[in-house]
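So the protein lines, in turn, are chains A and B. So that you can map any letter, position 196 of the first sequence is 196 in full-length UniProt numbering, and since no number is skipped, the others follow by simple counting. So that you can map any letter, position 69 of the second sequence is 69 in full-length UniProt numbering, and since no number is skipped, the others follow by simple counting.
Rather than coming from a laboratory, the hints here were simulated on the basis of the structure. The structure displayed is predicted, hence computed values, not measured ones. Errors might be hidden in some of the hints.
As the list claims (entries may be wrong) - Capping the alpha-carbon separation at 20 Å, the derived lysine to aspartate or glutamate pairs in DMTMM-like fashion look like this: (1) A/Lys274 with B/Glu84; (2) A/Lys29 with B/Glu36; (3) A/Lys281 with B/Glu36; (4) A/Lys311 with A/Glu92; (5) B/Lys16 with A/Glu17; (6) A/Lys274 with B/Asp54; (7) B/Lys16 with B/Glu48; (8) A/Lys281 with B/Glu84; (9) A/Lys3 with B/Glu55; (10) B/Lys19 with B/Glu55; (11) A/Lys286 with B/Glu84; (12) A/Lys183 with A/Glu92; (13) A/Lys3 with B/Glu39.
What the hints assert, rightly or not - Just a few of them, taken from the derived set where beta-carbon distance is under 8 Å, the chain A residues facing chain B: (14) Lys3; (15) Leu5; (16) Arg15; (17) Leu22; (18) Gln25; (19) Val30; (20) Asn34; (21) Val280.
What the hints assert, rightly or not - Label-pair ranges, simulated between beta-carbon atoms: (22) B/Glu74 with A/Gly27: 19 to 25 Å; (23) B/Gln29 with A/Lys2: 19 to 25 Å; (24) A/Glu79 with B/Glu74: 43 to 49 Å; (25) B/Ala15 with A/Ile278: 37 to 43 Å; (26) B/Gly77 with A/Glu158: 56 to 62 Å; (27) A/Leu259 with B/Asp85: 26 to 32 Å; (28) B/Met1 with A/Tyr177: 25 to 31 Å; (29) A/Glu158 with B/Lys80: 49 to 55 Å.
Note that the Cβ used here is the ideal one computed from N, Cα and C, for glycine as well.
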Amino acid sequence: MKKPLYIFSSGRLERRENTLSLETQEGRKVIPINSVSEIKVFGELDINKRALEFLTRNQIPVHFFNHYGYYIGSFYPREALNSGFIILKQAEHYLDREKRMYLAKGFVAGAVNNILKNLEYYRRKGKDLKETISSIEEKFKAVSSVDSIAELMQVEGEIRKTYYESFNLIIQVEGFYFDKRTKRPPENPINALISFGNSLLYTTVLSEIYRTHLDPRIGYLHETNQRSFSLNLDISEVFKPVIVDRVIFSLLNKGQMQLKHFDSDVGFSYLNDKGRSIFVKEFEDKLNTTIKHRNLGNVSYRRLMRIECYKLYKHFMDEEIYKPFVGEW
Amino acid sequence: MFVILVYDVKEERVAKALKICRKYLTWVQNSVFEGEITEAKLRMLKDELKGIMDETYDSVIIYKFRTKQYYERETLGIEKPSHEDFIV
Numbered sequence: 001m002k003k004p005l006y007i008f009s010s011g012r013l014e015r016r017e018n019t020l021s022l023e024t025q026e027g028r029k030v031i032p033i034n035s036v037s038e039i040k041v042f043g044e045l046d047i048n049k050r051a052l053e054f055l056t057r058n059q060i061p062v063h064f065f066n067h068y069g070y071y072i073g074s075f076y077p078r079e080a081l082n083s084g085f086i087i088l089k090q091a092e093h094y095l096d097r098e099k100r101m102y103l104a105k106g107f108v109a110g111a112v113n114n115i116l117k118n119l120e121y122y123r124r125k126g127k128d129l130k131e132t133i134s135s136i137e138e139k140f141k142a143v144s145s146v147d148s149i150a151e152l153m154q155v156e157g158e159i160r161k162t163y164y165e166s167f168n169l170i171i172q173v174e175g176f177y178f179d180k181r182t183k184r185p186p187e188n189p190i191n192a193l194i195s196f197g198n199s200l201l202y203t204t205v206l207s208e209i210y211r212t213h214l215d216p217r218i219g220y221l222h223e224t225n226q227r228s229f230s231l232n233l234d235i236s237e238v239f240k241p242v243i244v245d246r247v248i249f250s251l252l253n254k255g256q257m258q259l260k261h262f263d264s265d266v267g268f269s270y271l272n273d274k275g276r277s278i279f280v281k282e283f284e285d286k287l288n289t290t291i292k293h294r295n296l297g298n299v300s301y302r303r304l305m306r307i308e309c310y311k312l313y314k315h316f317m318d319e320e321i322y323k324p325f326v327g328e329w
Numbered sequence: 001m002f003v004i005l006v007y008d009v010k011e012e013r014v015a016k017a018l019k020i021c022r023k024y025l026t027w028v029q030n031s032v033f034e035g036e037i038t039e040a041k042l043r044m045l046k047d048e049l050k051g052i053m054d055e056t057y058d059s060v061i062i063y064k065f066r067t068k069q070y071y072e073r074e075t076l077g078i079e080k081p082s083h084e085d086f087i088v
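Go ahead and model the full structure; you've got the sequences and the hints to work with.
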């Protein structure tokens with residue numbers, strides 16, 4: 001099966017003898033082109049046009065992250081799967097207010113239900129989350145009555161705030177404390193983990209969208225505007241609690257991730273190389289974990305993301321109404 | 001599917017075989033490759049190899065595993081690359 005390739009070392013990536021070769025200080029490493037689904041670059045990488053051409057031909061998107069692990073941008077190869085019909089349908093669902101609200105609410109509902117599943121899971125394990133759960137359920141009721149995207153975003157933001165505050169109850173590890181969500185830059189280790197995990201997830205979903213006919217530029221919950229991609233942000237909402245948050249909980253609670261895996265500068269915090277590689281391993285393991293799906297047998301979480309795209313297809317073509325993925329554990 | 005591929009080809013064709021296999025599988029050591037591959041890609045690989053092989057002299061052996069569940073890899077001496085190295 002094709003796997004994503006993470007490049008942390010610095011060096012030169014080139015096309016050589018019809019495959020990929022990564023030249024670093026430690027020597028040359030040949031990477032079988034047919035086993036790579038996408039590339040995520042964290043190191044200082046030199047790359048030339050010939051290599052990009054080769055990656056395009058093999059339909060491999062490349063995502064770049066900066067020194068601190070923030071997403072910079074992607075090399076999104078020319079669309080291999082084109083469908084004017086799907087794009088029209090996607091735009092139609094964006095332009096029609098009601099249709100757009102339906103999808104936006106769908107993504108939020110998926111996110112909130114998965115958040116509740118997480119909380120429920122930890123409540124069963126004896127954490128005192130009863131109040132958080134009922135407060136989120138209460139706030140969630142407002143979703144059915146809102147009628148603008150801005151209001152919806154606001155409700156979602158409030159729910160997420162309550163949820164993030166409960167991280168202190170779920171993660172009871174010395175030195176890790178959540179006060180408020182801060183991005184750019186994240187101010188403490190938990191924020192750094194959330195930011196890093198989310199950007200990994202965004203690019204993963206983007207790579208999955210690339211393999212469908214959907215256009216990642218048209219999103220519903222996240223405004224389609226000057227930003228290049230937004231559909232991947234929408235779909236990511238549904239999967240954040242399932243993938244990113246659970247990876248964070250398990251890494252911290254099992255002590256695999258410790259304070260020594262973070263570097264901090266004045267007022268902010270980010271993962272160091274060792275920390276990133278621990279996170280990426282756990283993240284990939286999570287994506288490859290299979291669960292039993294009601295209709296499809298055993299499917300991995302990565303596969304579920306693709307299925308989410310196919311569900312949107314069906315929704316656009318009026319075959320089946322979109323219902324977001326909600327975990328059933 | 002997970003495969004281990006070994007080949008034994010005449011010297012003048014070794015480089016060609018190496019190049020072809022490198023596109024699909026991870027090189028482990030001289031004339032040995034391993035990796036996850038799909039049925040279709042394996043077929044492409046075999047076709048490419050057949051194109052350069054002299055089938056009366058060379059041989060390629062492919063060990064196939066449906067899952068990696070019963071596979072264990074043990075290395076003595078130098079640690080050789082593995083297809084699991086997706087972080088570099």
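Cross-check of the supplied hints:
For the suggested pair lysine 274 of chain A and glutamate 84 of chain B, the alpha carbons sit about 18 Å apart, so the restraint of at most 20 Å is met. For the suggested pair lysine 29 of chain A and glutamate 36 of chain B, the alpha carbons sit about 18 Å apart, so the restraint of at most 20 Å is met. Taken as a hint, the lysine 281 of chain A and glutamate 36 of chain B pair is honoured in the structure, with Cα atoms around 18 Å apart against an allowance of 20 Å. Taking the CA atoms of lysine 311 of chain A and glutamate 92 of chain A, the gap is near 17 Å; set against the 20 Å cutoff, the hint holds.
For the hint pairing lysine 16 of chain B with glutamate 17 of chain A, the CA-to-CA distance comes to about 10 Å; that is within 20 Å, so the pair holds. At most 20 Å may separate the alpha-carbon atoms for a hinted pair to count; lysine 274 of chain A and aspartate 54 of chain B exceed this at roughly 48 Å. Of the pairs offered as hints, the one joining lysine 16 of chain B and glutamate 48 of chain B holds, with about 10 Å between alpha carbons and a cut-off of 20 Å not exceeded. With a C-alpha separation of about 11 Å, the suggested pairing of lysine 281 of chain A with glutamate 84 of chain B holds against the 20 Å cut-off.
The suggested pairing of lysine 3 of chain A with glutamate 55 of chain B is violated, with an alpha-carbon distance near 33 Å, which exceeds 20 Å. The hinted pair formed by lysine 19 of chain B and glutamate 55 of chain B meets the criterion: a straight-line CA distance of about 18 Å does not exceed 20 Å. This hinted pair checks out: lysine 286 of chain A and glutamate 84 of chain B have alpha carbons roughly 15 Å apart, not beyond 20 Å. For the suggested pair lysine 183 of chain A and glutamate 92 of chain A, the alpha carbons sit about 33 Å apart, so the restraint of at most 20 Å is broken.
Note on lysine 3 of chain A and glutamate 39 of chain B: the hinted pairing holds, with a Cα-Cα distance of about 16 Å set against a maximum of 20 Å. Because the closest C-beta pair between lysine 3 of chain A and chain B is about 5 Å apart, less than 8 Å, the hint holds. Hint status for leucine 5 of chain A relative to chain B: holds, with the closest Cβ pair at about 6 Å, below 8 Å. Using the Cβ-Cβ criterion of 8 Å, the hint placing arginine 15 of chain A at the interface with chain B is not satisfied: the shortest such distance is roughly 11 Å.
With 8 Å as the threshold, the beta carbon of leucine 22 of chain A comes within range of chain B, its nearest partner Cβ sitting at about 6 Å, so the hint holds. With a cut of 8 Å, the hint placing glutamine 25 of chain A at the interface with chain B is violated, because the nearest CB-to-CB distance is about 12 Å. Contact between valine 30 of chain A and chain B, as hinted, is supported at the beta carbon level, the nearest pair being about 5 Å apart and thus within 8 Å. The interface hint given for asparagine 34 of chain A is met, as the beta carbon of that residue sits about 5 Å from the closest beta carbon of chain B, less than 8 Å.
Annotation: interface hint on valine 280 of chain A holds; nearest CB of chain B at approximately 6 Å, less than 8 Å. Taken as a hint, the range 19 to 25 Å holds for the pair glutamate 74 of chain B and glycine 27 of chain A, whose Cβ atoms sit roughly 24 Å apart. Separated by about 24 Å at the C-beta atoms, glutamine 29 of chain B and lysine 2 of chain A satisfy the suggested range of 19 to 25 Å. Between glutamate 79 of chain A and glutamate 74 of chain B the Cβ separation comes to about 45 Å, which falls inside the hinted range of 43 to 49 Å.
At roughly 39 Å, the beta-carbon separation of alanine 15 of chain B and isoleucine 278 of chain A lies within the given 37 to 43 Å, and the hint holds. The given range of 56 to 62 Å is respected by glycine 77 of chain B and glutamate 158 of chain A, whose C-beta atoms sit roughly 59 Å from each other. Remark: the range hint 26 to 32 Å for leucine 259 of chain A to aspartate 85 of chain B is upheld by a beta-carbon distance near 28 Å. In this structure the hint that methionine 1 of chain B and tyrosine 177 of chain A lie 25 to 31 Å apart at CB is violated, the actual value being about 46 Å.
Taking the beta carbon of each, glutamate 158 of chain A and lysine 80 of chain B are about 53 Å apart, inside 49 to 55 Å as hinted.
Violated hints, listed in ascending order, are 6, 9, 12, 16, 18 and 28; each of the other numbered hints is respected by the structure.
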